[in-house]
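Colleague: Sequence:
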Amino acid sequence: MQRRSMLRASLAGLFGAFAVRQASAATEASARQRVVYHLADADRVVFVLGNLQNHVDGVGGPGKADIRLVVHGPALRAFHALAAQEHTVAMMTKLVDAGVGFDACANTMKAQGVKLDDLTPGFVVAEKGGVVRLAELQQQGYAYLRP
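With mature numbering (1 follows the signal peptide of the UniProt record, and there is no 0) applied, the sequence shown corresponds to residues -25 to -1, 1 to 122, in that order.
To be clear, the hints were calculated from the coordinates, so they are not data collected in a lab. Glycine residues also receive a C-beta, built at the ideal position from the N, C-alpha and C atoms. Errors might be hidden in some of the hints.
[To be verified] What follows is a set of in silico ranges between Cβ atoms, one per label pair, in the way DEER data are often shown:
| hint | residue 1 | residue 2 | range |
| --- | --- | --- | --- |
| 1 | G33 | E102 | 28 to 34 Å |
| 2 | Q87 | G35 | 33 to 39 Å |
| 3 | Q114 | A58 | 29 to 35 Å |
| 4 | G116 | H55 | 27 to 33 Å |
| 5 | A6 | D92 | 34 to 40 Å |
| 6 | G38 | G88 | 31 to 37 Å |
| 7 | K39 | K85 | 33 to 39 Å |
Go ahead and model the full structure; you've got the sequences and the hints to work with.
Modeller: Listed below in structure tokens is the structure:
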């Protein structure tokens, strides 16, 4: 009798451990990456947009991760609608269509004398500033990347 009880307890423990492992694997598989990219340097705009596209592609395409780009400082000039290069606009449009969010620093916008309508379509304003927005997103669990 004691052997049967021990066998039953062992089998129950084994199946329990298997169930926990399966539940853990299912949770990990469904967890979406949450990532915020930081862009301030004007000479890195195309590089960072390329990184964003590689990230979208790397996770399996649009909608597979929550990705944001916070832009402030000199880099924001690359997104002024009247001055933006076609290549930059095309890359950004593709990323917006893929679900990537774009945040423009309100402080930088004020310093550069632009309003939201003056930027390429797809931006929202980081009202408290770009660096505050970066910190807020990190507090929400977003991984921080500054390529």
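Colleague: Evaluate each hint against the coordinates.
Modeller: Verification of the hints:
1. Distance hint check: the CB atoms of G33 and E102 are about 31 Å apart, consistent with the given range 28 to 34 Å.
2. Hint check: Q87 to G35, Cβ distance near 36 Å, so the stated range 33 to 39 Å holds.
3. Range check, Q114 to A58: Cβ separation about 34 Å, and the 29 to 35 Å hint holds.
4. Against the hinted window of 27 to 33 Å, the Cβ-Cβ separation of G116 and H55 comes to about 32 Å, which satisfies the hint.
5. The given range of 34 to 40 Å is respected by A6 and D92, whose C-beta atoms sit roughly 37 Å from each other.
6. For G38 and G88, the Cβ-Cβ distance of about 36 Å falls inside the hinted range of 31 to 37 Å, so the restraint holds.
7. The supplied range of 33 to 39 Å is met by K39 and K85, whose beta-carbon atoms lie about 35 Å from each other.
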